[in-house]
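Chains as they are written, first to last, in the working numbering: chain A, 1 to 319; chain B, 1001 to 1307.
Please keep in mind that the hints were generated in silico from the structure rather than gathered at the bench. Each hint should be verified, as a subset may be incorrect.
As the list claims (entries may be wrong) - Ranges of calculated distance between the beta carbons of each label pair, as one might list FRET restraints:
#, chain 1, residue 1, chain 2, residue 2, range
1, A, Ile13, B, Val1052, 41 to 51 angstroms
2, A, Val133, B, Val1052, 46 to 56 angstroms
3, B, Tyr1267, A, Asp178, 29 to 39 angstroms
4, A, Thr296, B, Ala1164, 21 to 31 angstroms
Just so you know, even glycine gets a beta-carbon here, dropped at the ideal spot from N, CA and C.
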Amino acid sequence: MWKYVIRRLLYAIPTLLGISVIVFLITRLAPGDPIRLYTFGALNVTEEDIQGLRAYYGLDKPLAIQYVNWIWQVLHGDFGMSLIYHQPALALLFERMGATLQLTFTALFLQLVIGIPLGVMAALRRGSWVDNVIRVFGVIGHAIPQFWLGLMAIILVSVTLRLLPSQGVLTVGKDVWDIPDRLRHIIMPAFVLALAGIANYSRYLRTETLDVISQDYVRTAHAKGLAERTVIYVHALRNALIPMVTALGGILAVLVSGALVVEQVFTWPGVGQFTYAAARAKDYPVIMAGVMVASTLLVLSYLLRDIAYAIVDPRIKVK
Amino acid sequence: MAVGAQTATRPLELPQPRGSAGLWSTAWYSLRRDRLTMAAGAVVLLIILLSVGAPLLAEYVFRTTFDKQDLLHTYGAPTLDPPAYLLGSDEVGRSQVVRLFYGGQVSLFVGFVAAFIQLTIGVLLGLMAGYFRGRVDDLITWFITTLNSIPTIFLLIIISALFAPGPITLTIIIGTIFWTGITNFVRGQTFALREREFVTAARTVGATSWRIMLRHILPNVLPLIFVLTAIDVGTIILAESALSYLGLGIVPPTPSWGNMLTNAASYFNRAPWLVASPGAMIFLTVLCLYLVGDGLRDALDPRLKSR
């Protein structure tokens, strides 16, 4: 097991290097010069000063050397200073990490708790109206634009019915540990973020459960006289869930991307919203750090997925 | 498309059995019975027609243009009089319905063209990875893993923010980002197909690698690629609209379904109907594309129908 984990960890290194090259190239090939952006409008800056600054920041060196310098700094946790806040970009992002993790984990929890039972239910009542409703929902949940769903939810739930707050993590002035208030704030964004995944899980699990319940060992379990409940939840579901672990990868990617959009709609002060604001303001160091942090999160969750897969399906280690 | 590239070298002119006609006619036969898919297909066609015909509709039916302002009639509620305000008017009194159709032009263009680009890249890389295996496969797989590890919207946001692309550049960028799904699929299929007898036979008569890939393996994977493409067009439209909503994709004054929502969102307590219609168009288009994809899959692979 440990050998597998270590090998899988080593595989993550070329991926992270690849990501860093892509991010680096995008920023360096972009039109415009960060130095001219810094000094824009400053009347007493001469062309010589600009050349001097370029040399100071190492921008006059060949691209390969610039990359090595940049990656060296990044490995030391230095993504540079935010052009707007004049604080280290990485520290600014980590301040907002908590809000993002809260939102994504709540959404993931909702997806599992709602999506899995829906899928099993559809498979067990195959062909009935329950099955049809769940299947239709499976397609609709994918096709609704998240930001639009969020806006409509705000119009309906917050503006018209006045049931839930439309933005933020916490009512201003409330205690940080006011859990009921936090829950009231997280319900809407978490549901909006979770919807696509709920649809995904219910679709996958319906197919997998249908596959599994026609297998011999399920018939054996029935023949032994086990209760229907035991057969479904102990024998069938456990095996139907194995391929789901693989599907988790795609769902996590959608979650991290979706979180940015949902954070923006609900003014949720997370990494995504911050990176987006930086992108609008052309705050280079924060944009780069934001993409690297989000990608690293995704690489880590892929890693956890693969390890979880090796645990639930011991055959994988043999390969 | 890619098929055209291989005409230059043609070692043996063998008669081509027209095997695929059977597949398509059977597929069409079962598609016609699938009412949901046919209805979804009809809706997609209708939306395409309305968008392409937007200038004509604007001139002859609604008697306005997409940028004609009327500052006396801002935030108008939906009304039949005049017909231009069928879906209401926006913050400067422009006709929402006409802008919606024009927005469709942009959103559909980005969706279909970007899907075509990613299809071409995806198929070529998938064939190469699956056929050549070894180093080529390792390299392509590594690239896929890397690209899949950057959350799409983050990648799109930094590119849009730093390069400020126009609609066409944006389309190309999206096309060069979304190909990984198709590549994975084609790669897997090619792995299996290259071991089959007909590939060995083709190699024996002296067919080149590219000829085998494009002429013998590609036709076997093509049907399901169309399914994936229909679904990808939907996914791309969703991504573009999210990006445009965030103000980084298609930028005003060019209307797109996404950027129409940006403005509408800031005025939603005055005119909630302005939020409803662009989102509903995105939803309807994407939903129907997904349904067409699902239906095509069932029609092309009857084994799946029992599910």
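Checklist entry - In ascending order, which of the hints set out earlier in this document are inconsistent with the structure? => result Hint 2 is the one this structure does not satisfy, whereas the remaining hints hold.
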